[in-house]
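Student: Chain A is already provided as a structure; the job is to place chain B on it using the hints.
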Amino acid sequence: MPNMLKRKSRLGALPWIFPALFMIFSFVLWPAFEMVRTSFQEVSSSGITKGWAGIQNYITLFDNPDLPNVLIRTFIWVAGIVFFTIIISLPVAQLLNAKYPGRKVVRWAVIIPWAASVVMSSTIWKWILDPYYGVLNKILMDLHVYKEPVDFLANSKQSFVWLMIVAVFVSIPFTSFVILAGLSTIPGDVVEASTVDGATAWKGYKNITFPLIKPALLVAMAINLINIFNAFPIIWVITAGGPGYETDTTTTLGYKISFRDQDIGQSASMASLNLIIILIFIGIFLKVSKSQEDK
Amino acid sequence: MKKVTRLGALVAATGLIAASVLGTSAKAADVVELKMVAADYANMQPFWDDLSAKFTKANPTIKVSVNVVSWDTIDDKVKTLVATGQTPDVVNKGDYSAAAAEGLLYRADEMVSAATLADIVPTFLNNSKYNGVAYAVPDLASARALFYNKDILTKAGVKKLPTTWAELETVLKQIKAKVPGVYPYALPLGPEEGQAEFAIWAGGNGGVMFKNGKWVLNSKENVAAMTYLKKLTDEKLTQPNPAKCDRTACAQALFAAGKAAFINGSVFLAGWLKDNGGAAINLGSGSFVAAPGKTPVTLGVQDYFTAYKANGHKAEIAKWMDFIFQPDNYAAFLKAAGGFIPATKSAGAAAAKDPALAPFIKLLPSAIFYPGDQAAWPAVKGAIQQQIGTALVNPQKTMDALQAKALAAAK
Chain A
7 MPNMLKRKSR LGALPWIFPA LFMIFSFVLW PAFEMVRTSF QEVSSSGITK
57 GWAGIQNYIT LFDNPDLPNV LIRTFIWVAG IVFFTIIISL PVAQLLNAKY
107 PGRKVVRWAV IIPWAASVVM SSTIWKWILD PYYGVLNKIL MDLHVYKEPV
157 DFLANSKQSF VWLMIVAVFV SIPFTSFVIL AGLSTIPGDV VEASTVDGAT
207 AWKGYKNITF PLIKPALLVA MAINLINIFN AFPIIWVITA GGPGYETDTT
257 TTLGYKISFR DQDIGQSASM ASLNLIIILI FIGIFLKVSK SQEDK
Chain B
766 MKKVTRLGAL VAATGLIAAS VLGTSAKAAD VVELKMVAAD YANMQPFWDD
816 LSAKFTKANP TIKVSVNVVS WDTIDDKVKT LVATGQTPDV VNKGDYSAAA
866 AEGLLYRADE MVSAATLADI VPTFLNNSKY NGVAYAVPDL ASARALFYNK
916 DILTKAGVKK LPTTWAELET VLKQIKAKVP GVYPYALPLG PEEGQAEFAI
966 WAGGNGGVMF KNGKWVLNSK ENVAAMTYLK KLTDEKLTQP NPAKCDRTAC
1016 AQALFAAGKA AFINGSVFLA GWLKDNGGAA INLGSGSFVA APGKTPVTLG
1066 VQDYFTAYKA NGHKAEIAKW MDFIFQPDNY AAFLKAAGGF IPATKSAGAA
1116 AAKDPALAPF IKLLPSAIFY PGDQAAWPAV KGAIQQQIGT ALVNPQKTMD
1166 ALQAKALAAA K
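So the protein lines, in turn, are chains A and B.
Counting from 1 along the first sequence, just add 6 to a position and that's the residue number in my numbering.
Counting from 1 along the second sequence, just add 765 to a position and that's the residue number in my numbering.
So that you can see chain A by itself, here it is in the shape it has in the complex (with noise of 0.2 Å):
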């Protein structure tokens, strides 16, 4: 009798995660599942299945001459744009605490661009930047620094840089809001006791604050680590990962090698390692994190 009743009051439990675990199957699980099919066939570029091919996909992907180069970007990418994000959402935190008039405004300029969709937010970018009609020219024109208009995204180099500061433009509200959360937390007698113990005012973050907000900043570090993996929009809106490859991420060159090079297989077998990547991404900092907890 209490094993079925048992039984029974585990299948009553269906009806309310069913709606969890499908959105798990259908929208995550099975569209990973045809990915990875996806890239052991072969696929015309017309779009018809023709069949199975191994790892075919695999050894033409390793032997695309600018997959190397795009992987180190990839890197750079992600670790230069969630170390400088951290940098200075620490400090932008600080002052959404802060209590002054006016706070409330401080706080709704810092979520716009967070409101705004990405796509937006990266045109924007795009005209700003532009040479002929873009205003940072024009201001840097009418103060004379330059002659002639510049073009800031002509150079892979430098347009890699200015894709890599529109990323952290973007990625500081939310990250911002996720320590401020943090900071919220801090009772306001713990900090108050270190300053009667004398504490200054850096000796007071560095020992009381910073640890008591760790936990909300490797939250936003592991968000902001996938988000800026697969941030596509930004560097499809203002430079499609030209001139060439010089400017592509694994994200957007795998557009690339479906859409342009027209090889949906090979595609996928992109696809597939940008997944084992981040899994290695999330492992090495779930290690890290880890460490620094056992502290």
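Since the hints were made in silico from the structure, they are not lab data.
A few of these clues could be false.
[Stated by the list, open to error] Simulated DEER-style distance windows between Cβ atoms:
| # | chain 1 | residue 1 | chain 2 | residue 2 | range |
| --- | --- | --- | --- | --- | --- |
| 1 | B | GLY1042 | A | ILE117 | 31 to 39 Å |
| 2 | A | ALA19 | B | THR838 | 57 to 65 Å |
| 3 | A | LEU17 | B | ALA1080 | 48 to 56 Å |
[Stated by the list, open to error] A few chain A positions that, by computed beta-carbon distances, are all more than 12 Å from chain B:
| # | residue |
| --- | --- |
| 4 | SER50 |
| 5 | ILE78 |
| 6 | VAL112 |
| 7 | PRO119 |
| 8 | MET170 |
| 9 | ALA205 |
| 10 | TRP208 |
| 11 | LEU224 |
| 12 | ILE288 |
Just so it is clear, CB atoms sit at the ideal spot from N, CA and C, and this is done for glycine as well.
Tutor: Same frame as chain A, but now just chain B:
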């Protein structure tokens, strides 16, 4: 209650049978819906909606829904539709060969009646073949010329139009010296139409992409053409960002703003300028420049109607295609698309009297075309669009990389 329901069902069933005997409901069930995906030349959706409404009026059993898609995304869209089993019946875009090679398409003589097919300009129909059989019906074509801003040339004191590479370089230098704030040549090697700019410069040096059954992207002639463009760029005779400059948003926009003296323009450039703030430009055009000892060429580009077999709507497609090519409807199509060269002899005769089109129609016999009949062409085009801009850094390296991609795609 029950009785009433039963009675109602009986009445309804009788009604249905009666209706189907009379043929009214059979009609409703037999309507075939054709799905078409069409590229957006100008503002095409109103034209297609109007035409399909007229067509359904004349053929009540066939409905046509036309989805107009921008040039940027139409290839991706069609590919996705095919890959996900939602293959459209008719497609209007810039290539056909890969689908023809895979046996997805009806032949041209299955798509349209013999009379319509006989009216297509032979050159264009020849460019619609795969292995000697036409698998697409050309919809229209364009040709290119070297356009210039007459006012800038006058200011710079240019008396004679350049015809060779060396003369062009001299003229560009003269413009740079005498008319500050103007880019002598607007060079768009960005993804939008990089393959066209490449094809016409290479063509002026006798270079092609495909020759005697082989891809020859890294031929001597092609590398030399890109080396010449690198020289122009290094001497700052072009705008500063040719590698990422797209045709419409960058090169044509600069020209429309009076900031560029020369541009490689298509037949519709004059119309485009009028609609995009360049109406005041004093426009001149001439034949393209060539390398020493080579003849100038123009680049002919044609687009296509293709019909997919997947849904088996052969008869309906043929009716719809013939309807499009009826003289009035086809004239309306050309008008909506805006200033292109017609693909039919009958419409071509009328266009030859149009002063804006006549010079281009005359150039067509000497035109070079893309190797659009090669199954690998869509992939090669994509690769050129991606990478040709980097040839301004190292011409040989880029052309070698493109050749490798072409060979891989042709496998």
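Student: Evaluate each hint against the coordinates.
Tutor: Status of each hint after checking the structure:
1. Our hint of 31 to 39 Å for B:GLY1042 and A:ILE117 holds, since their Cβ atoms are close to 37 Å apart.
2. At about 44 Å, the beta-carbon gap between A:ALA19 and B:THR838 misses the expected band of 57 to 65 Å.
3. Distance hint for A:LEU17 and B:ALA1080: a CB-CB separation of about 54 Å, consistent with the stated range 48 to 56 Å.
4. Some Cβ of chain B comes within 12 Å of the Cβ of A:SER50; the nearest lies about 6 Å off, and the non-interface call is violated.
5. Distance check on A:ILE78: its Cβ is at least 18 Å (rounded) from any Cβ of chain B, clearing the 12 Å threshold; non-interface status holds.
6. Separation of A:VAL112 from chain B is adequate, the least Cβ-Cβ distance of about 36 Å exceeding the 12 Å criterion.
7. The claim that A:PRO119 is not at the interface with chain B holds, since no C-beta of that chain comes within 12 Å of its own (minimum 24 Å).
8. For A:MET170, the shortest C-beta to C-beta distance to chain B comes to about 17 Å, beyond the 12 Å cut-off, and the non-interface label holds.
9. The beta carbon of A:ALA205 sits about 53 Å from the closest Cβ of chain B, which is more than 12 Å, so the claim that it is off the interface holds.
10. For A:TRP208, the shortest C-beta to C-beta distance to chain B comes to about 45 Å, beyond the 12 Å cut-off, and the non-interface label holds.
11. Distance to chain B confirms A:LEU224 as a non-interface residue, since its nearest Cβ pair spans about 38 Å, more than 12 Å.
12. With a minimum CB-CB distance of about 30 Å to chain B, A:ILE288 clears the 12 Å threshold, and the non-interface call stands.
The structure is inconsistent with the numbered hints 2 and 4, although it conforms to all the rest.
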